[in-house]
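Peer 1: Spelled out, the chains give:
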Amino acid sequence: MENTSHLGELEHMVLLAVLRLGDGAYSRSIREELESRVGRRVSRSVAYVTLERMADKGYLTPSMGEPSPRRGGKAKRFYALTPAGREALLESGRALRQLWAGHEHLLEDA
Amino acid sequence: MNAPPRLASFLLRLAVPDRDLRAGILGDLEEDLACLGESGASPRNPHLWYWRSILGLSARFTLERARLRRGGIGTRRLDHKKNRRPPTLETLRQDLAHSLRSLRRDAGLAVLAVAIVGLGIGACSTVFSVANALLIRPLPFENPGELVLISNGDWKRGQALSEISVQVSHLWALQNDSRLLSDAAGFFLFDGVGDHTLTGRGEPERLARLSVTANFLPLLGVRPQVGRLFTEGEIPFTGPGPILLTHGFWIRRFGGDPGIVGQALTINGDPMTVVGVLPASFDFPTVFAPGTRVDFIAGFPLSQETDQQGNTLALVGRLRPGADIRAAQAEAALLAERPYTGDGYRNSFDPRFTPLRDHVSGAFRAAVLLLAGAVGLVMLIVCTNVSNLLLARGATREKEIAIRAALGAERRRLIRQMLTESLVLAVAGSSLGLLLALTGTRGLARMDASVPLLTEVRLDGAAVGFTVALTFLATLVFGLMPALRLSGVELRESLGESSRGHSTGRRGGWVRGALVVSQVALCCVLLVGAGLLGHSFLRVLDVDLGFRPDGVVALRLDHSDYSAHPETVVAYYEEMLRRVESTPGVEAAAVTDVLPTAFNRRWGVSLPEDPETRAVPFVRVVSEGYLDVMGLSLVAGRNIDPRDDGSSRRVVLINEALARALWPGQDPLGRKLSRSRNEYEVVGVVRGTRYLHPEQAPGPEIFFAARQQSYRNLSMPHVLARGPGSPTQLAAAVREALRPFDPDLPVQQVVVIQDLLNRSLSPRRFLLLLLTGFAGFAIFLAALGLYGVISFSVRLRTREIGIRSALGASPSDLRRRVLSDTLALAGAGMALGLVAAWMLGRVLQGLLFGVASTDPVTFLGVAALVGTVAALAGFLPASRATRVDPVQALSAGGGAGV
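Chains as they are written, first to last, in the numbering used here: chain G, 1 to 110; chain D, 111 to 1008.
By construction, these hints were calculated from the structure, which means they are not laboratory data.
All of these numbers come straight from a predicted model, not from anything done at the bench.
Be aware that a few hints might be false.
[As the list claims (entries may be wrong)] Computed footprint of chain D on chain G; a stretch qualifies when at least three of its residues, placed anywhere within it, have a C-beta under 8 Å from a C-beta of chain D:
| no. | region |
| --- | --- |
| 1 | 44 to 53 |
| 2 | 62 to 70 |
[Stated by the list, open to error] Some but not every residue of chain D turned toward chain G, in silico, with C-beta under 8 Å:
| no. | residue |
| --- | --- |
| 3 | G137 |
| 4 | E140 |
| 5 | A144 |
| 6 | G147 |
| 7 | E148 |
Just so you know, even glycine gets a beta-carbon here, dropped at the ideal spot from N, CA and C.
Isolated chain G, as found in the complex:
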């Protein structure tokens, strides 16, 4: 694991959103989740590119849902965490927590 680079901030957030949304994770819901939870507005294109990049890395698996008329007869592209994605998320979270450990108060004081 020494050589594995950690997730970028946006990647981290997106993976967490996918984790939270479970079966309902697709581009629109993920963007809404990020906006409503942490006020982070992600543009459409950035969302797709990030999701696809992580799918390419093997952290997410895309799958197609059912087409719906509301979507002009097009299906949703859902994303689910893979074991590798889970691992990466855990690893990044652990790294952050380790760095944070015992230092929150330094910032809160300031």
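Chain G is fixed; fit chain D onto it per the hints.
Peer 2: Frame of chain G; chain D shown alone:
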């Protein structure tokens, strides 16, 4: 529901090749739009919203992909392999796929472009194949570059064969004493087609013999397919000897049975032993005597007797490697001047050496080069036309190109993309072209024309290579200009222009205009060329032959029994004539020994009182019906009649030219002339005939009475019959009348005199046919080009036209405006083209007959034709302009431009 614009979706497809992802994205977009609508925040222009969203997405994905390709950032082992593919191959694949997709969308245009390119390349490859056979490809002999034709003086059309042929003793001198020729051989020039009759094997048949010296075939490097060649020692002076069959005759008559070798065939009553069969590749007529045929080859004996027969042989020599043809000719001239030591007489010999290739196709060089030039012009028109089509199409694609350029497509990549598109067109077009050329060359090879090596015309590797090269060249020429122009388009400019409803293609207007002007000009040059040749052809057809060939058929006759008593021979011919004359459907019949265009035999005649006043007229030995059958007109005196027989005074008819030559300014009737110890009285004068070739003015002619010659001395006796029925009916009637009379007479081959003349015009017809085809194609393309440009400009100016018509311009005003645009372009092209044609006309001079290269009729005709076609091409768009609805045109705004 608002669907995204097609062009935008297409753009997305380029940026996001993954179909599922794209579906997901488009679905999300629709959902977004629906949500916006529900929250009352729907965009004012959904179209624009889509464009903005998709542009952003596409840009981001394109950037991402570019980043990945460069190796990117981070660990991407999975991607790594995928992007390792050589970028050039990968982009080529993408370019190809994109080209196919985009051409499929414009299927009509693609089909048109492919058809135009196909026709152009087909024409080019066909003409190349002709040029290849006639001028480029080596003759079908061993080391053909060393072969020379040796004639006695210059070998020109219409020259008497006895003047260009050579005596046997001169051949001996060359064979024995020339140091620059490795060998020399001869072929007999006076074998008449049908001099020989095959009997004893079913239906009797007239055969065409070729007599050659024993070393003729070895000198050319011809080896027999079956059996062997004959040797010098086997050739008898007369009587039975060894023969070789030509491949065609062997297949036709003996079904290709090799067992025929060793058997004897009865030819003219003699048993001739077949010793071998020649390969199909040896086609003597196609090289040496186009339009004739050879069935079998016999040996020509080189002996004292044949030497004393005078000038009989045409010679072919083989230069020693490295020998200079002029040095060899000079050497031969020295040999010919050595004092003669043999017995008998020896004629003079003025040796002229011509490379065999030049002798064979030299006369057609100009015509073939003309065709090559013409086809080059056609190809130029094709290229400009396709360029124009692509430009017009490009104008409607400017937006797409602009967006792709904005998204980071390099200019080089865009150019390559567009060149790929024209390559796809060119490859499809040249495939079609090759098919057409295959058909074209086959058609030409089967054409029965007196053009040498025509049967050798075929599509070979060289032609295919030529086509492929042409394809790439064409791609560059017709693809590069649109590609360069379009790839320079700026996004803002292009989108901005079209959104204001302006012409997107106006800047390209002058380019397209210039292309159309040059098309019209090139087309005029071709039309003038074809027009001049066509006019010449009409002149040739119109020429006064001095005789009427229509409605006359001829059947070869022989009384081959040379030992028969003269009276028997006369009786044979007279009875034959009587039977033909009394055949129903026959109006008149006669015997002649020379057919039109067939054989130019000349005899010397002189005045008995003044042997120095000589002439060498063209000779025919005829019966008294001849003038009637062939339609010659008697100018003075009387015709030969039945009383002119062996017991009466010898009489002749002469033509005006001979009368002028022998008795200038005097009345020739009753005068005497002598010919080899006999004196003849001139009883009649006839008008001259163009008997050898319609394009050759009549020379001196003389007619002997066949009966007074006891029907001997006949070169190739034929019975002629004239009748009102069709030639086929007439031939059948003559055949049925004669069959019971002489069962050994081959009656199958009846000659239609008109066919002989048509054949003599076939090279001219051949050239005219091809050139007219090209010119027709050219004017079609020019019309298409004009139509395309004008209708496009009408479409671009819909708004302007709408305003004009709203302001009260009448339909006829509008129509006149558009038509005058068309005619201005066409007029500029015509002016250029006609001036160019006027300057280039000299090139044609040698091929014209009775027409000047600046023939005003042709030039005016071409101008009228092009003007009419241009007006027609402009008429459709013009009438479309009159139907523009001002309200629609003005409100359509942005839509009108695209």
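Peer 1: All hints, please: hold or fail.
Peer 2: Hint-by-hint comparison with the structure:
no., hint, verdict
1, 44 to 53, "holds (count 7)"
2, 62 to 70, "holds (count 5)"
3, G137, "holds (3 Å)"
4, E140, "holds (4 Å)"
5, A144, "holds (6 Å)"
6, G147, "violated (11 Å)"
7, E148, "violated (10 Å)"
Going through the hint list in order, the structure does not satisfy hints 6 and 7.
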